[in-house]
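Please model the entire structure based on the sequences and the hints provided.
Residue numbers (our numbering), protein chains in the order written: chain A, 101 to 301; chain B, 208 to 677.
Since the hints were made in silico from the structure, they are not lab data.
A few chain B positions that, by computed beta-carbon distances, are all more than 10 Å from chain A:
no.: 1; residue: Met-420
no.: 2; residue: Tyr-480
no.: 3; residue: Gly-509
no.: 4; residue: Met-672
Label pairs and their computed distance ranges (CB to CB):
no.: 5; chain 1: B; residue 1: Ala-521; chain 2: A; residue 2: Lys-157; range: 16 to 26 Å
no.: 6; chain 1: B; residue 1: Pro-519; chain 2: A; residue 2: Cys-107; range: 32 to 42 Å
no.: 7; chain 1: A; residue 1: Ala-158; chain 2: B; residue 2: Gly-308; range: 45 to 55 Å
no.: 8; chain 1: A; residue 1: Glu-225; chain 2: B; residue 2: Lys-371; range: 18 to 28 Å
no.: 9; chain 1: B; residue 1: Gly-228; chain 2: A; residue 2: Glu-225; range: 25 to 35 Å
no.: 10; chain 1: B; residue 1: Asp-218; chain 2: A; residue 2: Leu-271; range: 21 to 31 Å
no.: 11; chain 1: A; residue 1: Ala-243; chain 2: B; residue 2: Arg-510; range: 44 to 54 Å
no.: 12; chain 1: B; residue 1: His-576; chain 2: A; residue 2: Lys-157; range: 25 to 35 Å
These numbers come from a predicted model, not from an experiment.
The beta carbon of each residue, even a glycine, is placed where N, CA and C say it ideally should be.
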Amino acid sequence: MTLPAICRVSGAALPLRGDDVDTDRIIPARFLVSITFEGLGEHAFEDDRKAAKAKGKAHPFDDPRFAGARILLVNRNFGCGSSREHAPQALARGGIKAVVGESFSEIFFGNAVAIGLPCVALPGEAIARLQSLVEGAPKSALALDLEARTLIADGKTLPVSIPENAREAFLSGNWDGTSMLLERFQDVEAVAARLPYVAGF
Amino acid sequence: MAATLFSKVWDLHTVRKLPTGQTQLFVGLHLVHEVTSPQAFEMLRARGWRVPFPSRTVATVDHIIPTTSLARPFADVEAEEMLTSLQQNCRDFGVPLHDLGSLEQGIVHVIGPELGLTQPGMTIACGDSHTSTHGAFGALAFGIGTSQVRDVLASQCLALDPLKVRRLDVTGALAPGVYAKDVILAIIRRLGVKGGVGYAYEYGGEAVSRMSMEERMTLCNMSVEGGARAGYVNPDATTFAYLKGRPAAPSGAAWDRAVAWWASMASDESARYDDRVTLDAGALEPHVTWGINPAQSVGVSGRVPKASDEAPEARAQVAEALDYMGFSGGEPISGTKIDVAFIGSCTNGRLSDLREASRVVKGRKVAPHVRALVVPGSNAVRAAAEKEGLDAIFRDAGFEWRGAGCSMCLAMNPDKLEGRQVCASSSNRNFKGRQGSPTGRTLLMSPAMVAAAALAGEVADVRPMLGGAR
Ligand code: SF4
Chain A
101 MTLPAICRVS
111 GAALPLRGDD
121 VDTDRIIPAR
131 FLVSITFEGL
141 GEHAFEDDRK
151 AAKAKGKAHP
161 FDDPRFAGAR
171 ILLVNRNFGC
181 GSSREHAPQA
191 LARGGIKAVV
201 GESFSEIFFG
211 NAVAIGLPCV
221 ALPGEAIARL
231 QSLVEGAPKS
241 ALALDLEART
251 LIADGKTLPV
261 SIPENAREAF
271 LSGNWDGTSM
281 LLERFQDVEA
291 VAARLPYVAG
301 F
Chain B
208 MAATLFSKVW
218 DLHTVRKLPT
228 GQTQLFVGLH
238 LVHEVTSPQA
248 FEMLRARGWR
258 VPFPSRTVAT
268 VDHIIPTTSL
278 ARPFADVEAE
288 EMLTSLQQNC
298 RDFGVPLHDL
308 GSLEQGIVHV
318 IGPELGLTQP
328 GMTIACGDSH
338 TSTHGAFGAL
348 AFGIGTSQVR
358 DVLASQCLAL
368 DPLKVRRLDV
378 TGALAPGVYA
388 KDVILAIIRR
398 LGVKGGVGYA
408 YEYGGEAVSR
418 MSMEERMTLC
428 NMSVEGGARA
438 GYVNPDATTF
448 AYLKGRPAAP
458 SGAAWDRAVA
468 WWASMASDES
478 ARYDDRVTLD
488 AGALEPHVTW
498 GINPAQSVGV
508 SGRVPKASDE
518 APEARAQVAE
528 ALDYMGFSGG
538 EPISGTKIDV
548 AFIGSCTNGR
558 LSDLREASRV
568 VKGRKVAPHV
578 RALVVPGSNA
588 VRAAAEKEGL
598 DAIFRDAGFE
608 WRGAGCSMCL
618 AMNPDKLEGR
628 QVCASSSNRN
638 FKGRQGSPTG
648 RTLLMSPAMV
658 AAAALAGEVA
668 DVRPMLGGAR
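Below you can see the structure in the form of structure tokens.
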């Protein structure tokens, strides 16, 4: 099944500072007690947001200056920990259309690709500059172009990196890969037949 | 050519190179549980797909179930709905389910090995990051997300990029009171929570060769906490002895053929690795985490770090962890007061874990201010422990003795921390809020160390409490 291609994402950005932001923080486990992903969007970072509020601060996800942002700016190893796909689902359902960060946990990255949420990388200093830029001028529009592999911000064009296969998947609309895996099913059966533990020792 | 187990298993399971550049990999065993599967089954229904290899798929329930009473319906309406939906999905798609109440039910990473489903040379996937546990048998085991659960259900395949392989040589011998849990905490402390990104970890060396299968499972379980999506130990005589006679293991003449094949999958002597790291097991002491990720640990005789002693780029993160945990920095970790003690989880909820903890507990009492619970990893572990009288030892000391499940490892069932409680836990994640209270605090350690903390009411070195040899 071919889905809509994802080539460009543009809009305001939301800076979320910190390394090693784990998926338990992105979406606390109690919200996983459900058989659908519906309604996850409003609970993204719920506990962090509450903790910020208790300290009299506004978490970026609650900060009205960033309302309607489409691009999330994160730091290193974003999405580590639990493999829950609920994490990218919560972000996507909360209106995030792309994540720009220094690096991503592998499982999070894979899950994000599978639901059509591009994650691209920039060097640490560039991320820090963008985060400061957006904090200072929240309505600055960023433009991510997967075709050109660039992010345009503040009049500058920055080269972003994304694994080629993920980029290819977004551009071709093949990011939901099950159909591709079913394409040559006789090959799958051939592999099963050569495995002694499937075929019988 | 000499090859690693990783590349042998990878090559054998490769279906083809996909147009995206990834590898289409056949999944030999797909483990399913109630949390990450309902949306995947729903997608299959929507597209009219079947599960083509239902006999390579096995389901159980573990995350959401209460560990006190199993009376249905559950108090939590959504948990009840999840269980009902798993039962329905397994019926509709012909997937075998080890349901609530059966002796085969338990945490998915405990029952796979127990039933002999997990075997060397396999590829294994499960919608749970701790699938890395199964690598203890010399399998390539990956945690996956829900869309990939859908992929595997529908096609028995995954689209993946190959990993590099880092060999971790654990030399020497562990001292009494020091366990596999301490080895893995030390590895993660040294290499960091993202040190393993892009790698599979191959654990070997004298200390690993000497470990039981259950210890190897603890080691591989937490590979993912070090950033490595998979971790494994080469299969050997210990592996084969564990598997012999298990329900899903081959028997008769097939057993000998299986052993020969399994042995052939081990990494060759002269295999080349992308990286090598050596760790001296003999130098380790029991480890305890002080922070909010599993790399933030210290030996039990050590001190919590001060943010000011850290490298400039690490300071903010250490300060955040100290603030959340309520440490000022510089204090000894020993003597940290605890409120809850939790022995269980897929990391350390197996029979040998309960045995080691019970040696500490026997004839002693839990500190009056501590709530202590033991949650066996599976119903089979629970039954075996009861047969040995371990339940009585724990109960006499003041522990709660529970039914099998994930329990207080995460916050999806009634077992949760409250407020800012501090929990000495044998589980695998000390993330903020992980154990159910958004401000709750977790100190990870071995089950024997949790037992020691439960008795002392504070973090304490278990070694003086362990009489005699192991
Ligand atoms: S015990 Fe904890 S880590 Fe293991 S499967 Fe259950 S929730 Fe996940």
